[in-house]
Structures are given as C-alpha cells and as structure tokens.
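So the protein lines, in turn, are chains A and B. Take the first sequence: its letters are residues 1 to 226, numbered as in the UniProt record's numbering. Take the second sequence: its letters are residues 1 to 226, numbered as in the UniProt record's numbering.
The hints are simulated quantities; they were obtained by calculation from the structure and are not laboratory data. Computed from a prediction, not measured in an experiment: that's the story for all the values here. Errors might be hidden in some of the hints.
Which copy? The list can't say, so a pair holds if one copy fits it or any two copies do.
[To be verified] In the EDC-like style, the derived pairs of lysine to aspartate or glutamate whose C-alpha atoms are separated by at most 20 Å in a straight line are:
1. K226 with D160
2. K92 with D54
3. K152 with D127
4. K82 with E199
5. K154 with D127
6. K92 with D160
7. K15 with E63
8. K154 with E222
9. K52 with E13
10. K23 with E63
11. K226 with D83
Take a look at the letters that make up each chain.
There are 2 protein chains.
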Amino acid sequence: PGKKVLIVYAHQEPKSFNGSLLKIAVEELTKQGCSVKVSDLYAMQFEPRATKNDIAGRLHNSEAFNYGVETWEAYKRGALSKDLVEEQKKVKEADLLIFQFPLFWFNMPAILKGWMDRVLVQGFAYDFSKAYDGGLLQGKLCLFSFTTGGSKEKYAIRGDIRYLLWPMQHGIMHFCGVKVLEPHICYAPENVSDEKRKEMLTAWTQRLKTLWKEEPIGCSPEWYFK
Amino acid sequence: PGKKVLIVYAHQEPKSFNGSLLKIAVEELTKQGCSVKVSDLYAMQFEPRATKNDIAGRLHNSEAFNYGVETWEAYKRGALSKDLVEEQKKVKEADLLIFQFPLFWFNMPAILKGWMDRVLVQGFAYDFSKAYDGGLLQGKLCLFSFTTGGSKEKYAIRGDIRYLLWPMQHGIMHFCGVKVLEPHICYAPENVSDEKRKEMLTAWTQRLKTLWKEEPIGCSPEWYFK
Numbered sequence: 001p002g003k004k005v006l007i008v009y010a011h012q013e014p015k016s017f018n019g020s021l022l023k024i025a026v027e028e029l030t031k032q033g034c035s036v037k038v039s040d041l042y043a044m045q046f047e048p049r050a051t052k053n054d055i056a057g058r059l060h061n062s063e064a065f066n067y068g069v070e071t072w073e074a075y076k077r078g079a080l081s082k083d084l085v086e087e088q089k090k091v092k093e094a095d096l097l098i099f100q101f102p103l104f105w106f107n108m109p110a111i112l113k114g115w116m117d118r119v120l121v122q123g124f125a126y127d128f129s130k131a132y133d134g135g136l137l138q139g140k141l142c143l144f145s146f147t148t149g150g151s152k153e154k155y156a157i158r159g160d161i162r163y164l165l166w167p168m169q170h171g172i173m174h175f176c177g178v179k180v181l182e183p184h185i186c187y188a189p190e191n192v193s194d195e196k197r198k199e200m201l202t203a204w205t206q207r208l209k210t211l212w213k214e215e216p217i218g219c220s221p222e223w224y225f226k
Numbered sequence: 001p002g003k004k005v006l007i008v009y010a011h012q013e014p015k016s017f018n019g020s021l022l023k024i025a026v027e028e029l030t031k032q033g034c035s036v037k038v039s040d041l042y043a044m045q046f047e048p049r050a051t052k053n054d055i056a057g058r059l060h061n062s063e064a065f066n067y068g069v070e071t072w073e074a075y076k077r078g079a080l081s082k083d084l085v086e087e088q089k090k091v092k093e094a095d096l097l098i099f100q101f102p103l104f105w106f107n108m109p110a111i112l113k114g115w116m117d118r119v120l121v122q123g124f125a126y127d128f129s130k131a132y133d134g135g136l137l138q139g140k141l142c143l144f145s146f147t148t149g150g151s152k153e154k155y156a157i158r159g160d161i162r163y164l165l166w167p168m169q170h171g172i173m174h175f176c177g178v179k180v181l182e183p184h185i186c187y188a189p190e191n192v193s194d195e196k197r198k199e200m201l202t203a204w205t206q207r208l209k210t211l212w213k214e215e216p217i218g219c220s221p222e223w224y225f226k
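Taking the hints into account, I'd like the entire structure generated from these sequences.
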C-alpha cells in the first residue's frame with residue numbers, strides 16, 4: 001500500500017494475452033493501494049533509435065557523435081529530450097518496475113530494448129564507478145514478465161531459459177543496482193487451451209497478491225548457469 | 001572470391017571506431033573479390049518497431065493484431081512492407097552476414113534488434129518444424145563484430161562475455177540455421193591509446209584475410225557456459 005509501480009509494456013494489441021496480463025497487474029496492484037503507472041510503448045509510438053534527436057540544443061562534440069557521452073552530458077545539463085525526461089521521472093519515483101512483453105528472439109522486442117538504451121543513461125541509471133549493487137537505481141525492484149512462442153519443453157531442449165535472462169536481468173537491471181524478482185513466464189499462451197490460459201492468468205493474479213513479500217533472486221552466474 | 005557478404009551496421013557516426021571497422025571490412029572483402037552490401041541502419045533510418053505498418057493491404061485477422069501471424073501470412077502472399085522485402089533479398093543472396101555494432105546493455109542496440117525482429121519473419125528465416133540446424137537460412141555464415149564500453153577485465157569479473165552471446169548467436173542465428181563464426185570483440189576502444197586502437201584495426205584486417213578458412217563454432221551450451 002502506497003508503493004509506486006511502473007509497468008513498461010510492449011505489445012501492440014490490447015486484446016492479446018500480454019494485454020490481459022497488463023490489465024491484471026494494473027487492477028490487482030491498484031486494489032492493493034499501489035499507485036500504478038503504465039508506459040504503453042507501442043501506443044506512445046516510443047522511439048527506440050538512439051540518435052542526436054535525444055539531445056536538445058548544442059552537442060558536446062559535434063565533430064563526432066558519441067551517444068553515450070552526449071546523453072551523459074545532456075543529462076547533467078538538463079538537455080535530454082522530453083520523452084526521456086518523462087520516462088526517467090517515472091523510473092525515479094517507482095519502487096517496482098515491471099516489464100511486460102512477448103519474448104522476441106530470446107530477448108525483449110526492439111521497442112523495449114530502445115527504452116532501456118535511451119532512458120537508462122549514464123548519470124541517471126549508473127556511473128562506471130557506481131554499478132551493480134552500488135548502481136544509481138538501488139532501492140528498487142524489478143520483474144520481467146513475458147510470454148513465449150514455444151513451449152517450456154522446447155526451451156529446455158537446448159539449455160535453460162535462464163540463460164537468456166542474463167543480459168536483461170543482470171546486464172541491465174542489476175548493473176543499475178535494481179534488485180531482481182523471479183521472472184514470470186507464460187509459455188506459449190497461443191498454443192494452449194482456453195482453460196490453461198485462464199489458469200495462467202489466475203496464477204499471475206495470485207502471485208501479485210504476495211509480491212511484496214518476495215525475496216529478490218541472487219543475481220549472480222550461479223542462478224543462471226549453475 | 002565471388003562470395004556475397006551483407007554487413008548490417010548499427011552506428012550513428014562514420015568517424016567512430018565502429019565506422020572504421022566497417023570501412024576495413026568493406027575494403028578488405030572487396031579486395032578479395034567478394035561482393036559486399038551494407039545495411040547502414042541509422043543512415044537508412046531503419047524502423048525498429050514491429051507494427052501493422054509492416055503488412056501491406058488487409059490483415060489476416062483485423063480483430064486482434066498478432067505480429068508473428070500477420071508477418072508470416074504477409075510473407076506467404078508477398079505483402080510485407082518494401083523495406084523488409086529489400087532486406088530479405090540481401091539476406092537471401094548473402095553467404096556471410098556480419099553484424100557490426102557497439103554493445104549496448106549486454107546486447108545489440110535497439111535499431112539492430114529491430115532488424116532481427118522485422119526481417120527474420122516466419123516462413124522466410126524459420127518455421128517451427130525447421131529450426132536450428134534445419135533452419136531456413138542454412139548454408140550461410142554469420143559473425144558478430146562489436147565494441148564494448150568496458151574493458152575485458154570488467155566483463156570477466158562477473159561471468160564470461162560469452163554468456164551474453166547466447167541469445168544473439170544461438171537464439172537468433174543458430175535458430176535460423178546460420179553457422180556462427182567466432183565473434184570479433186574490440187574492448188573499450190574509447191579508453192585505450194591510439195596505438196592500441198591501431199592494433200585492433202590491424203587485427204581485424206588480418207582476421208578478414210583468412211576468414212573463409214575458419215570453422216564455425218560449435219553453437220551449443222558448452223561453448224557458452226562450459
């Protein structure tokens with residue numbers, strides 16, 4: 001109660017299974033007394049490309065464009081583009097970040113990767129001297145909630161699904177100091193029965209009820225590759 | 001000689017180190033008698049977002065938009081958007097795909113992830129019955145060539161850099177049947193001496209000279225997590 005949640009949502013279709021998972025999260029968390037914000041990336045036509053347009057006014061070095069340096073400098077002098085400032089404000093306020101998306105190619109869709117690339121700039125989310133447990137977003141939690149195309153068995157044939165979580169959970173969120181909750185994975189909702197789909201939705205509601213009591217995972221290689 | 005190469009390049013600045021690596025690859029491979037094409041994603045203002053705009057004409061199901069199904073159907077009836085058809089033609093012709101990019105967040109930049117999401121559609125790059133060694137792009141090679149922000153030592157502290165190659169090399173390219181060459185990694189070119197940078201460029205030229213004699217890696221969990 002009183003907790004702030006930001007859901008970063010990347011699906012084109014409100015009637016999709018991802019849309020249902022989003023709706024459940026908004027309803028359940030609101031019911032608990034949380035304040036919930038949603039960044040609906042496709043609806044916002046969120047820009048995934050990291051370009052000069054992200055810096056208002058003069059460049060630090062207009063001879064050779066370096067996105068990392070330019071956004072760091074722009075952050076310090078308050079010259080990042082408006083859409084980024086808006087997202088950073090939401091991140092800053094949030095106690096919990098939920099990422100809701102369909103897995104595309106063992107990874108998040110490009111529009112969500114673009115959110116990571118553009119919003120989590122140096123100075124705001126990390127500094128090279130302040131990374132991982134000392135990252136600038138420490139004190140926050142995150143949760144990756146996603147659907148897959150293939151079945152659980154298919155993913156298990158060649159390795160473990162945890163392998164593909166390493167770059168997202170460890171390489172991004174842990175790097176920024178955010179603690180990671182167990183991912184929430186719905187396998188192949190398009191290929192199962194209506195009954196099974198309902199069960200998956202119920203399981204998400206149930207999990208959210210006790211979410212604030214969960215312990216974060218130990219985000220080290222052992223969790224992923226043991 | 002006579003081989004066809006497609007370089008998919010994701011950097012905003014021609015004067016960057018990535019720009020130099022691209023230039024070297026184009027020059028060296030052309031000198032060898034290869035035919036080289038470059039998809040310069042930022043220069044093309046390549047669209048990374050997977051939306052309805054990728055399908056010309058009527059949707060298969062306009063009640064609830066499903067990107068995977070719609071692009072698969074559109075591929076079969078020749079109704080994918082022109083920019084995708086153009087990229088698919090380049091991929092189809094190529095013997096070797098080189099991906100040249102700066103690592104962003106343990107992964108490729110969103111604009112390149114968008115290329116994967118949108119170009120490699122079902123029916124063209126894979127079918128669920130024809131994946132991995134039987135994938136639809138078999139007979140081709142690929143190589144991920146990228147720069148990092150942090151040093152080799154930094155990446156080694158928490159696990160191995162190979163961990164983050166799993167989703168890209170195995171989850172995308174291997175899934176489509178493409179054989180994977182050893183990645184080419186230039187660590188922290190922004191933080192080393194001019195001399196060291198020159199050495200890195202020379203090493204890339206040297207590698208390209210004998211590239212066609214290389215054996216692909218064994219793209220299984222052992223290579224990544226042994």
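Between copies, within a copy, both or neither: which fits K154 and D127 at Cα up to 20 Å?
-> between (39 Å within a copy, 14 Å between copies)
Which holds for K152 with D127 at a C-alpha limit of 20 Å: within a copy, between copies, both or neither?
-> So K152 and D127 pass the 20 Å test across copies only (18 Å; inside, 37 Å).
Between K226 and D160, at a C-alpha cutoff of 20 Å, which is it: within one copy, between copies, both, or neither?
-> both (10 Å within a copy, 14 Å between copies)
Could you place K154 and E222 in one of the four classes (within, between, both, neither) given a Cα distance threshold of 20 Å?
-> Result: close only across copies, 18 Å inter versus 23 Å intra.
Since the copies are identical, ignore which copy is meant and state whether K23 and E63 lie within 20 Å (CA to CA) inside a copy, between copies, both or neither.
-> between (47 Å within a copy, 19 Å between copies)
Alpha-carbon proximity context of K15 and E63, limit 20 Å = Between copies only: 9 Å across, 47 Å inside.
Can you tell me if K92 and D54 fall within 20 Å by alpha carbon in one copy, between copies, both or neither?
-> Cα proximity of K92 and D54: one copy only (19 Å, versus 35 Å across).
State whether the alpha carbon distance between K82 and E199 is at most 20 Å within one copy, between copies, both, or neither.
-> Neither, since 41 Å and 41 Å both go past 20 Å.
Under a CA distance limit of 20 Å, which applies to K52 and E13: within one copy, between copies, both, or neither?
-> Between copies only: 10 Å across chains, 30 Å inside a chain, cut-off 20 Å.
At most 20 Å between C-alpha atoms: does K226 with D83 qualify within a copy, between copies, both, or neither?
-> Cα proximity of K226 and D83: none, with 40 Å in one copy and 42 Å across.
Quick one: K92 to D160, C-alpha cut-off 20 Å, is that within a copy, between copies, both, or neither?
-> Result: close neither inside a copy nor across copies, 33 Å intra and 31 Å inter.
Against the hints set out earlier in the document, violations occur for numbers 4, 6, 11.
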